[in-house]
Amino acid sequence: MSTPVLEVRHLCKTFPGRHTALSAVEDVSFSIAPGQCLGLVGESGSGKSTVARMVCRLLEPTSGQILLHGQDITGLTGRDLRAVYRQLQMVFQSPAESFDPRRTLGDGIGESLRVRGVPRRERERRTAALMERCGLDPALGARRPHEVSGGQCQRAAVARALAAEPILLICDEATSALDMTVQRQIMDLLAELKEQDGIAILFICHDLALVQSFCDRTAVLHRGRIAEEGPTEQVLLHPCSKAAKALIDAAF
Amino acid sequence: MPLLQTTSLSVSYDGQPALRGLSFSVEEGEILGIVGESGSGKSTVLKVLTGLLGPSGQIAGGSVRYQGRDLIHISSRERRALLGPEIGMVFQDARSSFCPVRRIGPQLCEIVRAHRSVPKDQIRREALDLMDKLGLEDPARVWESWPFQLSGGMSQRVGLCAALLLRPRLLLADEPTSALDVTVRRQVVEELLRLRAERGTAIVLVAHDMGVIRAMADRILVLREGSAVEQGPCSAVLDRPQSPYTQALMEAVPHLRRPPEGA
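Here the protein sequences come in this chain order: U and G. Count the first sequence with my numbering and you get residues 1 to 252, in order. Count the second sequence with my numbering and you get residues 1 to 263, in order.
Keep in mind that the hints were calculated from the coordinates and are not lab data. Ideal Cβ positions, reconstructed from N, Cα and C, are used throughout, including at glycine. It cannot be assumed that every hint is accurate.
Partial selection, computed: residues in chain G whose CB lies under 7 Å from chain U [what the hints assert, rightly or not]: (1) Ser23; (2) Ser25; (3) Gly29; (4) Leu46; (5) His208; (6) Gly211; (7) Val229; (8) Glu230; (9) Pro254; (10) His255; (11) Leu256; (12) Pro259.
One-sided and incomplete, this derived list gives chain U residues near chain G with beta-carbon spacing under 8 Å [as the list claims (entries may be wrong)]: (13) Ser44; (14) Thr74; (15) Thr77; (16) Asp80; (17) Arg114; (18) Thr181; (19) Pro239; (20) Ser241.
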């Protein structure tokens, strides 16, 4: 078997409190193979976003290990950590808020290229190509985030993530704020990235139907622990844990 | 006579048409679901009904009647008397409808006492009971809270509670469950259905979650670019959509395949 793109081992996160510490994530382990998508589901407060934030090192784990393509990235800092950031990219729930409102979408998408020292001409050419790839008219690159629709802005966010040529994409409720038809277009784009480019995806979502249609494997989080993990078909059609059953029962 | 009757309503923002000759009605105790993509005019409909169209929006034609009363040519004084006890509203971003520097309890009291003189402890009792039914844990603490101390899902339910305390005959709800996770969402939907059964509250429900629409709506209105492309009974529109637009909209919705019964 090939090396997993992402492997998480015994991850824990405890938030200190005035009286009692809050254990937000407890002993969470999973891995994602190239071109595979893992869905992370669970109620609000179950620890989904905390896991995502630890994986992209926005939050320091209390204990446990995060391996990106076999390399332990848990303790990295400074230059080593920046090199890692290129390989993992995030797409957030509210696209407009993740772009600098004073700069154009084109600037935002091309930024990682600029940081890597790609010359301006080449940068503009590649930004336009990325936008086309994500189904956006390159002319929209001249607009600012509030001047495009939510769906266009989310495509731009995917284009920006792709500019860094990541091996792992972390989507935290990336389509929840979008209309159904726009959601469908974004999902088609993600599926293409997964199948053609072999990008691995960690997909955090509260819409079980969407997880079922897209994710190869699914992990159910409950109070910071993984209640159940396995092939999506098995977890959603033949759930064993109480937490998974409750989640499926509550879904419309 | 329907509770709410909208006839050939046309609205434009700075000359740009937002609603084009829209007609629909809501009967007493009926739940009408309005669906459509962003920009289809869903929110504009609610803004006309609540008089919140603003200076850039002009009503170009048509009429809106609530129990036969003209809702467009109405004095702001009459509108204030109507909004709340007769027509309640829950906004998508409920937190911004509360004053940030005052606690929840006094604000709920103020909302009720603007229309009826009710003792504060009675309002508190009713509010706590309603919050409990809407799945808010520790309602007494919510009553004492500042708006910033509530999560998005909690604010949404407190906003719903504020509207329901006045027992409106018609409730306008703009994405009332979008900030809630699945388990709480189900609880809120069941509570709204129970209130409809008990009090006969009619609801205009704007939502993009087809699961919530299917669970609640009696009839559905599908909007596209300000016009009705389809309207009819819930199951007919959802299961046998006639217009290509509704078909595309339905095809875009993923369906959850569930474990077999009894498994």
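Status of the hints after comparison with the structure:
1. Ser23: violated, 24 Å
2. Ser25: Not OK, violated: Ser25(G) not within 7 Å of chain U, min 26 Å.
3. Gly29: violated, 22 Å
4. Leu46: violated, 17 Å
5. His208: The hint holds - His208(G) has a Cβ within 7 Å of chain U, the shortest such distance being about 6 Å.
6. Gly211: holds, 3 Å
7. Val229: violated, 13 Å
8. Glu230: With a closest approach of 15 Å, the Glu230(G) hint is violated.
9. Pro254: Check passed: Cβ of Pro254(G) comes within 4 Å of chain U, closer than 7 Å.
10. His255: holds, 6 Å
11. Leu256: Holds, because the Cβ-Cβ distance from Leu256(G) to chain U comes to roughly 4 Å (cut-off 7 Å).
12. Pro259: Result: holds, 5 Å to nearest chain U Cβ.
13. Ser44: This hint holds: Ser44(U) lies near chain G, its Cβ roughly 4 Å from the closest one there, short of 8 Å.
14. Thr74: violated, 30 Å
15. Thr77: Violated - the Cβ of Thr77(U) stays beyond 8 Å from chain G, reaching only about 33 Å at its closest.
16. Asp80: violated, 36 Å
17. Arg114: violated, 32 Å
18. Thr181: Since chain G brings a Cβ to about 5 Å from Thr181(U), closer than 8 Å, the hint holds.
19. Pro239: Cβ of Pro239(U) sits 6 Å from chain G, so the hint holds.
20. Ser241: violated, 12 Å
Violated hints for the displayed structure, listed by number in ascending order: 1, 2, 3, 4, 7, 8, 14, 15, 16, 17, 20.
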